Amino acid sequence: MLAWSPIAASLWRPSSGITATSLRAWTSLVDTGGAHGATAEAIAKALPHINCTVLDLPHAIAGAPAISNVQFVAGDLFEYVPPADVVLLKWVLCLWQDEDAVKVLRRCKEAIISRGAKGKVIIVEVVIDSSMSRDGVLLRETQVLFDVQMMHVDGGERDEKQWREIFLEAGFSDYKITPMLGFRSIIEVYP
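Residues -17 to -1, 1 to 174 in mature numbering (1 follows the signal peptide of the UniProt record, and there is no 0) are what the sequence shown lists, from first letter to last.
Don't read these hints as lab results, they were simulated from the structure. Keep in mind it's a predicted model, so treat the numbers as computed, not measured. Every residue, glycine too, gets a C-beta built ideally from N, C-alpha and C. A portion of the hints provided could be inaccurate.
Listed below are the simulated SDA-like cross-link pairs for lysine to any residue, each with C-alpha atoms no more than 20 Å apart in a straight line [unchecked claim]: (1) LYS28 to PRO41; (2) LYS28 to HIS42; (3) LYS101 to ILE111; (4) LYS101 to LYS144; (5) LYS86 to GLY46; (6) LYS86 to ILE50; (7) LYS101 to SER156; (8) LYS101 to SER11.
Pair by pair, the computed Cβ-Cβ distance ranges are [as the list claims (entries may be wrong)]: (9) MET163 to PRO31: 20 to 30 Å; (10) LYS28 to GLU148: 13 to 23 Å; (11) LYS144 to TYR173: 31 to 41 Å; (12) ASP59 to GLN145: 21 to 31 Å.
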């Protein structure tokens, strides 16, 4: 549970572009693929005015603990994402090929559009860096090694151009990538 707290905390770092004003405007968040709710719990504790929902497959949320201000919904993110101001996808899209990632993002867009103009999708994933500085080379090597690990699933890690193509195909108008958390990035996607 504590291992995910830094990820939850990073959602409201000034460098992520998520401001105190936007945090106050949010009233609901869906953590897709959130399993037993560690990230949702960290967010709910830090921001108790936000109602958190964890959406995952029935077997993934089976036995999830009761958590204050967090509800669990059994479902398939390819079919439906509950309406929310924010949909969080943490280490989800890397599991899927581009076509499936687009389908998931379309469901997420439906969920946030139903809540009005303040909605966004927040993605925590690797964005492969193309910079060739010494630090950039080391970071890229780490990112590519992580991508090799993904060979057992259909997905993989993506660079910014690949992410942009997926976002546009899913019908989003804008995005912002904030590198942080080691080789991970926070990607904010807007309808």
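Status of each hint after checking the structure:
1. LYS28 to PRO41: Given pair LYS28, PRO41 is violated - Cα atoms ~24 Å apart, limit 20 Å.
2. LYS28 to HIS42: violated, 25 Å
3. LYS101 to ILE111: violated, 28 Å
4. LYS101 to LYS144: At roughly 25 Å apart (the allowed maximum being 20 Å), LYS144 and LYS101 break the hint.
5. LYS86 to GLY46: Between LYS86 and GLY46 the Cα gap is close to 28 Å, so the pair fails against 20 Å, i.e. violated.
6. LYS86 to ILE50: Status violated; Cα separation ~30 Å.
7. LYS101 to SER156: holds, 14 Å
8. LYS101 to SER11: OK: LYS101 and SER11 at ~11 Å, within 20 Å.
9. MET163 to PRO31: 20 to 30 Å: Check passed, 24 Å falls within 20 to 30 Å.
10. LYS28 to GLU148: 13 to 23 Å: violated, 36 Å
11. LYS144 to TYR173: 31 to 41 Å: violated, 18 Å
12. ASP59 to GLN145: 21 to 31 Å: 24 Å Cβ-Cβ, so the 21 to 31 Å window holds.
Checked against the numbered hints given earlier, this structure breaks hints 1, 2, 3, 4, 5, 6, 10 and 11; the rest are met.
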